[in-house]
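Residue numbers (numbering that gives the first Met the number 0), protein chains in the order written: chain A, 0 to 253; chain B, 0 to 253; chain C, 0 to 253; chain D, 0 to 253.
Mixed in with the good hints, there may be bad ones.
In this list, chains with the same sequence are indistinguishable; a pair is considered to hold if it fits within one copy or across any two.
Calculated lysine-lysine pairs in the DSBU-like style (CA-CA distance at most 30 Å, straight line) [claimed, not checked]:
id	residue 1	residue 2
1	K248	K49
2	K49	K104
3	K122	K104
4	K248	K122
5	K196	K49
Keep in mind that the hints were calculated from the coordinates and are not lab data.
Number of protein chains: 4
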Amino acid sequence: MSAEGVCLILGAGSGIGAHVATRFAREGYHVALCRRTDQAGLQRSVDIIKEAGGSASGMLLDATAPDAIEEFVIQVENTHGPITTAVFNLGAQSGDRGLAETSLKQFELAWRMTSLALFRLAKVLMPLMVERGSGTLLVTSATAAARGNAGQHAHAAAIGGRRLLCQSLNAEFGPRGIHVAHIIVDGAVNSPDTLGKLLGPERFAQYRDMLGPDGLMDPAEIAETYYHIAQQHRSAWTFETDLRPFSGKPWWND
Amino acid sequence: MSAEGVCLILGAGSGIGAHVATRFAREGYHVALCRRTDQAGLQRSVDIIKEAGGSASGMLLDATAPDAIEEFVIQVENTHGPITTAVFNLGAQSGDRGLAETSLKQFELAWRMTSLALFRLAKVLMPLMVERGSGTLLVTSATAAARGNAGQHAHAAAIGGRRLLCQSLNAEFGPRGIHVAHIIVDGAVNSPDTLGKLLGPERFAQYRDMLGPDGLMDPAEIAETYYHIAQQHRSAWTFETDLRPFSGKPWWND
Amino acid sequence: MSAEGVCLILGAGSGIGAHVATRFAREGYHVALCRRTDQAGLQRSVDIIKEAGGSASGMLLDATAPDAIEEFVIQVENTHGPITTAVFNLGAQSGDRGLAETSLKQFELAWRMTSLALFRLAKVLMPLMVERGSGTLLVTSATAAARGNAGQHAHAAAIGGRRLLCQSLNAEFGPRGIHVAHIIVDGAVNSPDTLGKLLGPERFAQYRDMLGPDGLMDPAEIAETYYHIAQQHRSAWTFETDLRPFSGKPWWND
Amino acid sequence: MSAEGVCLILGAGSGIGAHVATRFAREGYHVALCRRTDQAGLQRSVDIIKEAGGSASGMLLDATAPDAIEEFVIQVENTHGPITTAVFNLGAQSGDRGLAETSLKQFELAWRMTSLALFRLAKVLMPLMVERGSGTLLVTSATAAARGNAGQHAHAAAIGGRRLLCQSLNAEFGPRGIHVAHIIVDGAVNSPDTLGKLLGPERFAQYRDMLGPDGLMDPAEIAETYYHIAQQHRSAWTFETDLRPFSGKPWWND
């Protein structure tokens with residue numbers, strides 16, 4: 000078992016999830032990754048960590064499937080030891096979409112992946128952490144958690160609700176030693192798997208050029224703040240922080 | 000058909016819903032009420048309005064049933080004419096409940112009644128209002144829409160998400176002439192049907208005594224602000240307002 | 000003495016202040032106006048009210064002068080009776096101005112007119128209202144009270160601080176029967192005296208054309224909401240509301 | 000000259016200021032301290048750093064005196080080299096104080112120390128940092144920056160305004176490479192100089208006992224987050240973070 004314990008990452012694509020994994024593995028955590036699809040990509044993330052001398056494991060997981068999250072947590076605990084940090088990195092941003100173009104199914108899926116999945120993770124994880132008197136839950140969030148906007152009906156409702164769920168979890172479990180943190184990533188991340196797929200390779204490259212150097216958020220740099228928050232002493236915990244590129248407008252000015 | 004048009008009220012118990020109905024009926028609106036249970040109570044609300052010379056209709060409706068909201072809107076429009084104001088008054092506050100005591104089913108039900116139901120109402124209503132170039136959607140909200148808290152996991156996630164859904168609807172439909180307003184009722188309402196049932200008659204009476212005169216919110220007075228907002232000129236619309244008793248602490252001081 | 004009491008208005012230019020005055024006078028309040036300059040404009044506002052059968056008085060007043068606000072309040076109370084509603088309508092918006100272009104003097108003046116002046120009004124008015132067990136203080140606020148922005152250093156610091164001063168006043172005096180309300184006017188007002196002067200007549204006309212019908216906020220319509228809030232029953236008070244034109248973006252989307 | 004540059008600290012008492020100084024000095028920064036009074040205490044802070052092998056200097060400074068901040072910045076730059084990080088750690092919290100007990104002088108002093116002093120620092124510092132294309136300004140903030148409360152009239156108005164000033168500075172200077180961060184210290188800090196003096200030694204000890212282990216915030220741990228934020232890559236900057244002890248209620252639940 001790892002000296003630093005286990006870092007579980009729900010949603011480990013090539014962006015924030017993978018870089019947070021690498022960052023924690025470098026410090027001695029075993030990282031347990033999962034993502035919905037792309038076994039090869041997942042394996043690549045695991046291999047990179049192992050080649051650098053770290054400890055990692057991974058599996059494909061559909062977070063909306065019944066019992067999938069619950070079983071993954073139990074399996075990771077049984078195989079690799081206590082989860083000391085969990086990173087919730089799932090979302091369902093699907094670009095701008097007016098009300099007429101947003102189906103009930105999409106509205107429900109956004110909620111299942113973004114809000115319900117965190118609730119389910121908390122239901123299985125919090126009792127384990129409470130018993131141990133410590134643990135950290137880091138939740139990747141986004142601009143739409145702070146305010147709705149045209150074309151964001153499904154995404155904003157799901158992720159805005161999740162922000163208040165995080166506040167509720169913090170209120171119940173903070174005093175019992177569990178650190179819940181809500182990290183608002185308020186800018187576009189340099190991530191081929193998510194933004195790159197959303198825009199397509201050509202528009203992604205154009206967008207990157209338009210923003211200029213460091214105008215897209217570097218997921219490796221984002222991971223530094225995740226790691227810092229997970230190490231904070233319990234007398235000085237962050238519940239919420241924002242992150243954005245120097246050249247980007249914050250959500251309240253945009 | 001009514002001169003002022005039709006005011007549809009989703010969630011017309013004996014509190015805010017019934018008093019908003021009475022207020023709008025007094026000004027000449029036909030009010031179309033629905034509530035989940037209690038045919039006798041619903042009939043009483045309709046009768047009170049009719050006896051006062053107003054125009055009202057009502058039906059029982061389970062807002063979580065497939066197509067129920069959608070069919071109600073169509074039926075009201077066909078029978079009574081264009082809905083000029085819709086009041087969304089559904090919620091699923093079920094008192095303080097820790098994470099362990101909150102089931103997945105409860106978490107989902109809260110979302111279905113609070114957030115999905117509004118999305119469904121908007122899906123059917125917005126196109127009708129856009130075609131007419133006007134219309135008002137008033138959403139009753141609560142303290143938990145502003146911040147989570149221990150014991151509020153399901154409620155805060157649902158209603159906090161709905162607040163951002165309202166912002167999204169406002170962003171898309173405001174410029175097309177539809178007035179969406181989010182009304183944060185940040186205090187306990189003097190309502191036998193909801194608070195009274197939650198606490199039971201004895202504790203409800205004790206609580207009322209403890210708060211002193213006007214310490215509980217009078218739903219008839221709340222209805223005045225609903226009516227005012229629905230009459231605002233489109234050059235000076237309220238999107239969000241809070242309401243609380245003079246003696247109550249606002250959510251940010253409580 | 001007026002049946003409805005006295006409505007004192009600090010900052011009664013031709014926009015919100017003058018229209019709020021007219022609205023309250025129509026309902027039987029004596030309105031006591033003041034503005035910094037333009038005796039003729041002030042007299043015109045008083046005359047309009049009197050010609051419509053209302054009761055009004057006015058004086059020029061520099062709100063930054065020592066004792067000016069304090070003496071005005073005392074004088075109005077002595078001459079016209081108890082102030083039942085006070086409308087604080089002062090501000091110091093001076094357009095976009097970078098840090099280098101904002102002098103210490105301008106930064107201080109913004110604070111003196113916007114924040115300190117309200118504190119001074121409260122210091123003299125609250126004890127009078129507390130003794131009577133009732134009273135209303137309506138504070139006109141703006142976009143910059145919700146968030147800072149480039150070019151808004153002086154304005155945002157002053158008015159953002161005032162928002163929290165209003166929350167503090169509400170916390171101390173709400174339970175003693177005094178209604179404090181903070182009204183965020185989150186759009187451009189059709190007001191020749193303020194916006195018109197800021198832009199100049201030509202750009203003002205162009206701007207109005209660009210925004211289209213009802214794209215500028217009608218101060219007479221804004222006054223309707225001021226009047227409504229002042230009449231709210233103490234079991235259902237608004238502390239904060241926003242107001243903007245249907246076609247305008249709210250501050251969190253702009 | 001120091002390899003890491005100079006960290007200037009306005010307000011270096013024995014709490015956050017002194018610990019941030021120690022933290023930055025440990026990494027190779029020269030730290031330039033100032034505080035209003037207590038030459039012996041200031042010298043102690045400087046000596047501790049020097050004895051640990053660091054580089055530090057200090058002077059007494061009344062931040063409300065004309066030109067004091069401006070001259071300090073120039074002098075530090077001339078003597079020790081470019082200021083790469085400035086920590087603004089001034090405030091004027093003076094405990095609960097009702098409106099009647101808050102004098103105009105106190106209201107003004109709070110503003111001068113909290114809001115105007117930051118504006119003055121920015122006026123002299125930003126042009127220097129803009130010329131160099133980089134720099135960091137960390138602002139220590141508090142609960143009252145997020146919301147007013149009874150007894151907080153002067154403090155909340157000053158520090159709430161300063162929060163929006165920070166947003167304005169960020170909006171103007173972020174895109175020019177200057178990192179402005181607003182750190183909400185939302186709990187009581189284990190600091191004999193500020194909280195200890197406010198409460199007196201006996202009540203301070205009682206309060207600490209009541210809160211239990213780690214119930215007061217450890218300023219050395221707070222300093223870790225200051226240091227982290229100052230090192231963030233410009234593609235992933237924090238503008239605002241909160242910090243509180245695990246057992247403390249966040250401002251929105253308190």
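To see whether the hints hold, each was checked on the structure:
1. K248 <-> K49: neither (38 Å within a copy, 41 Å between copies)
2. K49 <-> K104: Answer is neither; intra-copy 39 Å and inter-copy 40 Å both fail.
3. K122 <-> K104: both (25 Å within a copy, 13 Å between copies)
4. K248 <-> K122: between (36 Å within a copy, 22 Å between copies)
5. K196 <-> K49: within (27 Å within a copy, 53 Å between copies)
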